[in-house]
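Asker: Required output: the full structure, derived from the provided sequences and hints.
Just so you know, the sequences run in chain order A and B.
The letter at position 236 of the first sequence is residue 236 when you use my numbering, and the numbering goes up by one with no holes.
The letter at position 580 of the second sequence is residue 580 when you use my numbering, and the numbering goes up by one with no holes.
In case anyone wonders, no lab produced these hints; they're calculated from the structure.
We put the beta carbon where it would ideally sit given N, CA and C, even for glycine.
The reader is advised that the hints may include incorrect statements.
Simulated restraints, written as ranges between beta carbons of each label pair [unchecked claim]: (1) VAL64/B to LEU4/A: 18 to 28 Å; (2) ALA313/B to LYS2/A: 26 to 36 Å; (3) LEU44/A to THR240/B: 32 to 42 Å; (4) ILE31/A to TYR110/B: 52 to 62 Å; (5) SER250/A to GLY401/B: 52 to 62 Å; (6) LEU43/B to ARG367/A: 34 to 44 Å; (7) ARG367/A to LYS368/B: 50 to 60 Å; (8) GLY401/B to LYS117/A: 46 to 56 Å; (9) LYS286/B to SER250/A: 29 to 39 Å; (10) ALA214/B to GLU199/A: 39 to 49 Å; (11) GLY401/B to ILE31/A: 46 to 56 Å; (12) GLN105/A to TRP574/B: 23 to 33 Å; (13) TYR7/A to ALA242/B: 53 to 63 Å; (14) TYR61/B to ARG367/A: 52 to 62 Å.
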Amino acid sequence: MKKLLFYALVIAATVLSTILLIAFLMPKKIIPNYSDEKLRELALSKGLKPVPSSYEELLKLVDDVKNPMTPQKIALGSELFFDTNLSKNRKTSCATCHSFDKDIQNRGALLSTLMTKNPEITNCAACHLRDQSGVDRFTFAEGDSGTQHPRRLNTQTILNTSFAKYFTWSGEVQSIQEQSANSFQAHHKMNLTPKEVEERIKENPKYAAHFDEVFKDGISFENTTKAIEIYVKTLTTRGAYDRYLEGDNSAISHEAKRGLANFIGFGCKGCHNDISLGGQSIQRFPLREFAQVYDLKLNFEIFPELKRVDSEFPFENSGGYLGKKNEHLFRVPILRNVTKTSPYFHNGAVPKIREAVDIMARHQLGRHLTLSQIDEIVAFLQTLEGDLVDYGIKGEK
Amino acid sequence: MRAIYIKISVFVMFFTGILQMKLFGIAWENFRIIQALHIALSLMVMLFLITPFIYGHIYKYSFVKKVKSSEGWVLLGSFLLLSCSGIYLFFIGNRGGDLFGSISFNTHLYGSFLLVLFFIYHTTKQQKPSLGYAMLLVLIVSLNPSSVYADTTKLSQMKVESKNGSFHSEDWTNSAKCKSCHSDIFAQWSDSNHKHIAGSNPYYMAMETLAGEAEGEEFRKWCMGCHNPSAITMGFGKTTHAMDGNFLSNDIFEKNAKALTDDFKTHGNFRLEEGVSCITCHQITKADGSGNASYTVSLDRKKYAFEDSTSKAGHYLSEKLINSNPQVHKESYSNPLYKESRYCASCHDEFHPKTDMKIVSTFKEWEKSPYNNPNDKSKHKTCIDCHMTNLENDKFAPLKGVSTDGGVVKKDVKVHYFAGSNHFLSGLKNKAHEEQTIQLLKTSAKLDIDIKDSKLVVGVTNVGAGHHLPTGVADFRELWLDVTITDKSGKIILSSGKLKSDGNIQDGSRLFQKVFGDENGKPVGLLFWKYKTLLSDTRIASKERRVESYEIDKNVIYPLSVNVKLNFRIYPQWATDAVKTIYPNLPNPPVLELIKVAKEFQ
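Answerer: Quick look at the structure:
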């Protein structure tokens, strides 16, 4: 009995000290306290860049000889983007899901909506139109006449897509033009054939002259998608983060700077990179196999908590979408304006940004971030919020 | 060898126990660890060491060796007594409601001294004390609990001013956690207007968004200081609402804070609770009563071991630890300040942050009213005397009951319905809540009518409110007279204060309200913060009698039958119409008939 107790104690002590030793010896990721200049230098050297504030600089970055950008084309694209006639039931435009106020300077839209009888805009849009987020804020997309997305996919923001290389959740689409053609034809979006689109455009006499002015071959489905692409390329946003990168140290808070350092140090920037902080590559999610089935949380509790999570994703996968080739491959989402595009992930299963950051760190980086680290990263993500840049392009006739 | 174990464990139990006594006043960080250790060690030691030892010991000496030791039996008796009281304290606790809790607590506390004395006497009779004491000392010294909870102690020194400071959502403990012991209070709060003051309040959401649009997004923080303090401290710039798939969550009608409780089950404290939670009010340490969120909320309260734990086991244990010795818990959530009116004034007075225009002055109205009479305690009535006292049969009827499950029965439990004037939004969830508010509203005024010189004279007296009638956002509250006079043939000869077909009150009705004008002297409508000039103020001050007179045609044929009602509506129809643009499911607030007087005049 005495011996048994002795050995039990020895074994317990060994196990405990081994665990503590491992925990103690594990190298801690220490993110240094950078000075403002050092941090900016680091961010720029890792490929993080501000959004250009002038039209000329934007042209340098996004202009393409195959579909050159002109003020007239932008104006035409803008008309088409907001035209609800370009959908089967004439209720949906591109801006129905990629929602933002066409009038960038608009102030007082909500007040006038609330104060008019039978206003055009109601429900969610009344408040959220002026978010200038480029999404519908729904959990999953709804197309013409409320058709639900067959895979319950969440609408991604259209803002800043001009800096992206891949499009849609799977990243299988290579250009905005291609995706706009897809969207016209998809039954759960605009639900029109290319021929029908052309017919709808010809219905409106003002388009004919406009198309002739912009394109040699006048009205065609391809030209429609080209004009839309050009307009979408001008939809960029600038915020406090851009001002910081350009040299304004007071643009973002100390906490946000810590967040940026964490963002770089922990490796988030590995995928969420370049100007748009995302959209540059296709990656696996969730990355860490160990985190797929069980989420074992290390804690100093009497019983460590074992939580069963969905076997495919760390959240319920309503819609059953599994990414490109059903292999959990997703385009890295654009993080600009992320704090105004909740809910998160491909089916909008996670409603809060802090939870999304926690999931990403756990499953993509294999890290359990501390609460401070999460809050700092969220403070940084808030600085990515921005207003649509008014490039002062005058192309309307 | 075994005897040494037993000695060490008995003394560890004893010392960890007495260290918790007030006398020692040890630092809270150490207290909470020692308390948990005391229980865990005692359990382990009792189960695996002492019980088998005692059994063996009695068997060996009493039955085999036939030693007669009366003090041994006394020792056993006191040991049993201590174990029983300990078990009672752990599983049921000393919550204050039952006598056993207090008996157990004292038995456990003072009995331990007796036990140790008997124990020393019992052991030293046979042999001299040895290594055990030295070991014990080492053990106590080596208890350095601060390293375990480094994360929380870092925060514990901080004080949050309402406008700045960043904290983790964990420090804004979810109200659903309080439910497990304070179920009645939680039920009252969960359908009250304090709970539904932010994301689930359609009027508020519309106004906050409007304020952000009109004055810039930063301006939302002015609203959020009182409506959503937790979100502000976490650095969030706007109030969020819940969604149910692609639809707005139905929380206008949702009872018992179901969404909040579900959130807490799945996300624990990681998901921030927005709005006015238990913590918001119960962690306020300072309030100077000047309005606009002028309070200091402190998030460095004393937490028992495992209180922040995310696991169920931890949650269970923390509850047991609190119940067994709830004094610290009680003290850290209450404050004499909470009974004073200036505490409520931190939010129930409101002024524009830049123009300094006084928008809501409920507290200042009360200060000037006869209810503010600190010299005569019988006449002095603070906010909670009316707004947190139970009502029954249209009268104040202090609720006899408990605020903690199994706690002390109090003569006047301060109910958390927060009855004020907004019967409508709480009534959508719970009729019992609505009843409380309607009863309170009915205690506020009296009507008297008379006809003199062809004039109908209606007197409205503010008899019950310690502030103006109406108060609060009095530009949105509608309190008016509905008058109908019919002559002998039943023909209506005078009618005032009826609703038009669009739901708004007829022009020319007698309303008791204030009307704000902007800098150009035009009514501000929804944008109340544009207030620059007071266009009219017909509110009735506390104890004031207001007289309204109506001309009656001299040629009418008497007798006249006069019907006067004092009507109340929480929001004007035009405001509700505006909010319904965003929230189509919102019903129209009803017109409440507070008082009705019918009289025949010859």
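Asker: Are the hints correct? Go through all of them and say.
Answerer: Hint-by-hint comparison with the structure:
In this structure, VAL64/B and LEU4/A meet the distance hint of 18 to 28 Å, their C-beta atoms being roughly 23 Å apart. Our hint of 26 to 36 Å for ALA313/B and LYS2/A holds, since their Cβ atoms are close to 32 Å apart. Taking the beta carbon of each, LEU44/A and THR240/B are about 33 Å apart, inside 32 to 42 Å as hinted. Take ILE31/A and TYR110/B: their Cβ atoms lie about 53 Å apart, and the range 52 to 62 Å holds.
For the hinted restraint 52 to 62 Å between SER250/A and GLY401/B, the CB-CB distance of approximately 55 Å keeps it satisfied. A hinted range of 34 to 44 Å holds for the C-beta pair LEU43/B and ARG367/A, which are about 36 Å apart. Distance hint for ARG367/A and LYS368/B: a CB-CB separation of about 59 Å, consistent with the stated range 50 to 60 Å. In this structure, GLY401/B and LYS117/A meet the distance hint of 46 to 56 Å, their C-beta atoms being roughly 50 Å apart.
As the Cβ distance of LYS286/B to SER250/A is approximately 30 Å, the hint placing it in 29 to 39 Å holds. At about 43 Å, the CB distance of ALA214/B to GLU199/A agrees with the hint of 39 to 49 Å. Between GLY401/B and ILE31/A the C-beta distance comes to about 53 Å, which sits within the given range of 46 to 56 Å. At roughly 28 Å, the beta-carbon separation of GLN105/A and TRP574/B lies within the given 23 to 33 Å, and the hint holds.
Between TYR7/A and ALA242/B the CB atoms are about 55 Å apart, so this pair conforms to the stated range of 53 to 63 Å. For TYR61/B and ARG367/A, the Cβ-Cβ distance of about 59 Å falls inside the hinted range of 52 to 62 Å, so the restraint holds.
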